[in-house]
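Q: Sequence:
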Amino acid sequence: MSTVLQHQLQVGASLTLGAISLYYIYKRLASHVADDRVHHLNKTVKSDIGSTDTSDAWLERAKLLIGDSGIQNLKDAHVLVVGMGGVGSFAAEFLVRAGVGKLTIIDGDDVDPTNRNRQLCALVSTHHKYKVDVMKERLLDVNPAVKIEALAKFLECEECLTLIESGGFDYVVDCIDSLQPKLHLMHAALKSCVPIVSSMGAGGKVDPSKVDLADISKTDMDPFAKFIRKRLRRQFGILSGVACVFSTEKPDPNSIKVTDGSRYKKSYYGTISYLPAVFGIHAASLVIRELGYKKKIVYTKTKRHLLKQGRSAAYNSDFLTRQRGEQEGEQDDDEDEP
Numbered sequence: 001m002s003t004v005l006q007h008q009l010q011v012g013a014s015l016t017l018g019a020i021s022l023y024y025i026y027k028r029l030a031s032h033v034a035d036d037r038v039h040h041l042n043k044t045v046k047s048d049i050g051s052t053d054t055s056d057a058w059l060e061r062a063k064l065l066i067g068d069s070g071i072q073n074l075k076d077a078h079v080l081v082v083g084m085g086g087v088g089s090f091a092a093e094f095l096v097r098a099g100v101g102k103l104t105i106i107d108g109d110d111v112d113p114t115n116r117n118r119q120l121c122a123l124v125s126t127h128h129k130y131k132v133d134v135m136k137e138r139l140l141d142v143n144p145a146v147k148i149e150a151l152a153k154f155l156e157c158e159e160c161l162t163l164i165e166s167g168g169f170d171y172v173v174d175c176i177d178s179l180q181p182k183l184h185l186m187h188a189a190l191k192s193c194v195p196i197v198s199s200m201g202a203g204g205k206v207d208p209s210k211v212d213l214a215d216i217s218k219t220d221m222d223p224f225a226k227f228i229r230k231r232l233r234r235q236f237g238i239l240s241g242v243a244c245v246f247s248t249e250k251p252d253p254n255s256i257k258v259t260d261g262s263r264y265k266k267s268y269y270g271t272i273s274y275l276p277a278v279f280g281i282h283a284a285s286l287v288i289r290e291l292g293y294k295k296k297i298v299y300t301k302t303k304r305h306l307l308k309q310g311r312s313a314a315y316n317s318d319f320l321t322r323q324r325g326e327q328e329g330e331q332d333d334d335e336d337e338p
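Oh and the sequence shown: position 293 is 293 in full-length UniProt numbering, straight run, nothing missing.
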């Protein structure tokens, strides 16, 4: 083999080895860069989730609409939301996204697979977790500065008045689907002069354009609202003073299912994904507007009733004493109960 050929082979081998070496060096560097990027991303995400930033920068759009005073009014507010189902979960989220500073949420239920079609807290990953725990984590991810008290319990009738009187609430959002606790919560709010908005029946209905807000005395075409009016009058002498989210659409009678009667509940309707959310949005909108702007949106007769305590059975302790025994007997035997 000639000297020239040997030299060419040596040069070729050197170039080949050099190329292979450069390839492995490049591959190793690329791997390090990718690892650094992933590490930086994970660090950023964890930092964001655990952030305790209390600035109002994230509320810029809301501030443009309702002003600094409106934002401050909401930050200073404490709202009670009872029921974290299809209505309550959306109501709670929109209250926090508007800047409400403190929320107490109550629900003793855990997430069931059947909740996934309509409830904000219901995911495959949250099955069998308490709804209030899931919602608390979610709401803190929206605003780390919000104060959340999450009570994983069912609100009992006899607890309602004590809860409202001692809670320091600026507003109550009733999203309970059990009759007697719902009635007692309304009565407790009125007796304590705390504004309340109550969700009527979203089940068995599909038309969001039929959803409206009104005083309980002005609700119509809603069988559940009619029944609530009757029981409020019979048990507590209450005729008005409760703002309600209701629908004028008649529920589909073929979508009802009878239960065993546990948790004060005899039956329930089938429910579509979006309608409970519409109810929750209406409830949250009323609270946000009334607290933010400091003015009454839904006219109620609460003040007039309070001024006429001597004539109104709603706040007459003798009337309530006489009715207490009757409430127990009538709780489950009303023919009009939906």
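Simulated from the structure, these hints should not be mistaken for laboratory data.
It cannot be assumed that every hint is accurate.
Below, computed lysine-lysine pairings styled on DSS-like, alpha-carbon distance capped at 25 Å [to be verified]: (1) Lys102 - Lys230; (2) Lys257 - Lys294; (3) Lys147 - Lys129; (4) Lys266 - Lys153; (5) Lys153 - Lys102; (6) Lys153 - Lys218; (7) Lys230 - Lys266; (8) Lys153 - Lys129; (9) Lys147 - Lys63; (10) Lys147 - Lys75; (11) Lys226 - Lys191; (12) Lys210 - Lys153; (13) Lys129 - Lys226; (14) Lys129 - Lys102; (15) Lys75 - Lys295; (16) Lys63 - Lys191; (17) Lys296 - Lys75; (18) Lys191 - Lys257; (19) Lys250 - Lys226; (20) Lys257 - Lys210; (21) Lys102 - Lys266; (22) Lys294 - Lys147; (23) Lys63 - Lys102; (24) Lys63 - Lys295; (25) Lys63 - Lys210; (26) Lys218 - Lys129; (27) Lys218 - Lys250; (28) Lys102 - Lys295; (29) Lys129 - Lys210; (30) Lys191 - Lys210; (31) Lys294 - Lys63; (32) Lys75 - Lys294; (33) Lys75 - Lys63; (34) Lys230 - Lys191; (35) Lys218 - Lys230; (36) Lys147 - Lys102; (37) Lys230 - Lys250; (38) Lys230 - Lys257.
It should be emphasised that the depicted structure is a prediction, and the values quoted were computed from it without experimental measurement.
Q: It remains to establish, for every hint, whether it holds in the given structure.
A: So, going through the hints one by one against the coordinates:
Taking the CA atoms of Lys102 and Lys230, the gap is about 33 Å. The hint is violated against a cut of 25 Å. Restraint check for Lys257 and Lys294: not satisfied, since their Cα atoms lie roughly 42 Å apart, outside the 25 Å limit. Distance hint between Lys147 and Lys129 is fulfilled; the C-alpha atoms sit about 21 Å from each other, no more than 25 Å. Under the criterion of a C-alpha separation no larger than 25 Å, the hint pairing Lys266 with Lys153 is consistent with the structure, at around 20 Å.
The suggested pairing of Lys153 with Lys102 holds, with an alpha-carbon distance near 19 Å, which does not exceed 25 Å. Only pairs whose Cα atoms come within 25 Å are accepted, and Lys153 paired with Lys218 is rejected, the gap being roughly 32 Å. With a C-alpha separation of about 18 Å, the suggested pair Lys230 and Lys266 falls inside the 25 Å cut-off, and the hint holds. A threshold of 25 Å between alpha carbons decides the hint, and for Lys153 with Lys129 the separation of about 13 Å falls inside it, so the pair holds.
Using a Cα cut-off of 25 Å, the hinted pair Lys147 and Lys63 holds, with the two alpha carbons roughly 20 Å apart. Using a Cα cut-off of 25 Å, the hinted pair Lys147 and Lys75 holds, with the two alpha carbons roughly 10 Å apart. A threshold of 25 Å between alpha carbons decides the hint, and for Lys226 with Lys191 the separation of about 21 Å falls inside it, so the pair holds. With a C-alpha separation of about 32 Å, the suggested pair Lys210 and Lys153 falls outside the 25 Å cut-off, and the hint is violated.
In summary, the hint linking Lys129 to Lys226 is not supported, as the alpha carbons are separated by about 34 Å, beyond the 25 Å threshold. Restraint check for Lys129 and Lys102: the C-alpha separation of about 23 Å stays at or below 25 Å, so the hint holds. Among the hinted pairs, Lys75 with Lys295 is consistent with the structure: their alpha-carbon atoms are about 16 Å apart, no more than 25 Å. Using a Cα cut-off of 25 Å, the hinted pair Lys63 and Lys191 is violated, with the two alpha carbons roughly 34 Å apart.
About 19 Å separates the Cα atoms of Lys296 and Lys75, which keeps this hinted pair within 25 Å; it holds. For the proposed pair Lys191 and Lys257, the alpha carbon gap of about 34 Å is over 25 Å, so the pair is violated. For a cut-off of 25 Å, the pair hint linking Lys250 to Lys226 stands: about 12 Å separates their Cα positions. Among the hinted pairs, Lys257 with Lys210 is consistent with the structure: their alpha-carbon atoms are about 23 Å apart, no more than 25 Å.
Annotation: proposed proximity of Lys102 to Lys266 is violated, straight-line Cα distance about 34 Å (limit 25 Å). Straight-line distance between C-alpha atoms of Lys294 and Lys147 comes to about 21 Å, which keeps the hinted pair within the 25 Å bound. Straight-line distance between C-alpha atoms of Lys63 and Lys102 comes to about 18 Å, which keeps the hinted pair within the 25 Å bound. For the hint linking Lys63 to Lys295, the alpha-carbon distance of about 18 Å falls within 25 Å, and the restraint holds.
For the hint pairing Lys63 with Lys210, the CA-to-CA distance comes to about 30 Å; that exceeds 25 Å, so the pair is violated. For the suggested pair Lys218 and Lys129, the alpha carbons sit about 38 Å apart, so the restraint of at most 25 Å is broken. Between Lys218 and Lys250 the CA atoms are separated by roughly 16 Å; this keeps the pair inside 25 Å, and the hint holds. Restraint check: the Cα-Cα separation between Lys102 and Lys295 comes to about 20 Å, which is no more than 25 Å; the hinted pair holds.
At roughly 33 Å between alpha-carbon atoms, Lys129 and Lys210 are farther apart than 25 Å, so this suggested pair is violated. The straight-line distance between the Cα atoms of Lys191 and Lys210 is roughly 31 Å, outside the 25 Å bound, and the hint therefore fails. Note on Lys294 and Lys63: the hinted pairing holds, with a Cα-Cα distance of about 15 Å set against a maximum of 25 Å. Our distance criterion of 25 Å between C-alpha atoms is met by Lys75 and Lys294, whose separation comes to about 13 Å.
Among the hinted pairs, Lys75 with Lys63 is consistent with the structure: their alpha-carbon atoms are about 12 Å apart, no more than 25 Å. For the proposed pair Lys230 and Lys191, the alpha carbon gap of about 18 Å is at most 25 Å, so the pair holds. In summary, the hint linking Lys218 to Lys230 is supported, as the alpha carbons are separated by about 13 Å, within the 25 Å threshold. Simply put, Lys147 and Lys102 have alpha-carbon atoms about 5 Å apart, close enough for the 25 Å limit, and the pair holds.
Among the hinted pairs, Lys230 with Lys250 is consistent with the structure: their alpha-carbon atoms are about 18 Å apart, no more than 25 Å. In summary, the hint linking Lys230 to Lys257 is supported, as the alpha carbons are separated by about 23 Å, within the 25 Å threshold.
When each numbered hint is compared with the structure, violations occur for hints 1, 2, 6, 12, 13, 16, 18, 21, 25, 26, 29, 30.
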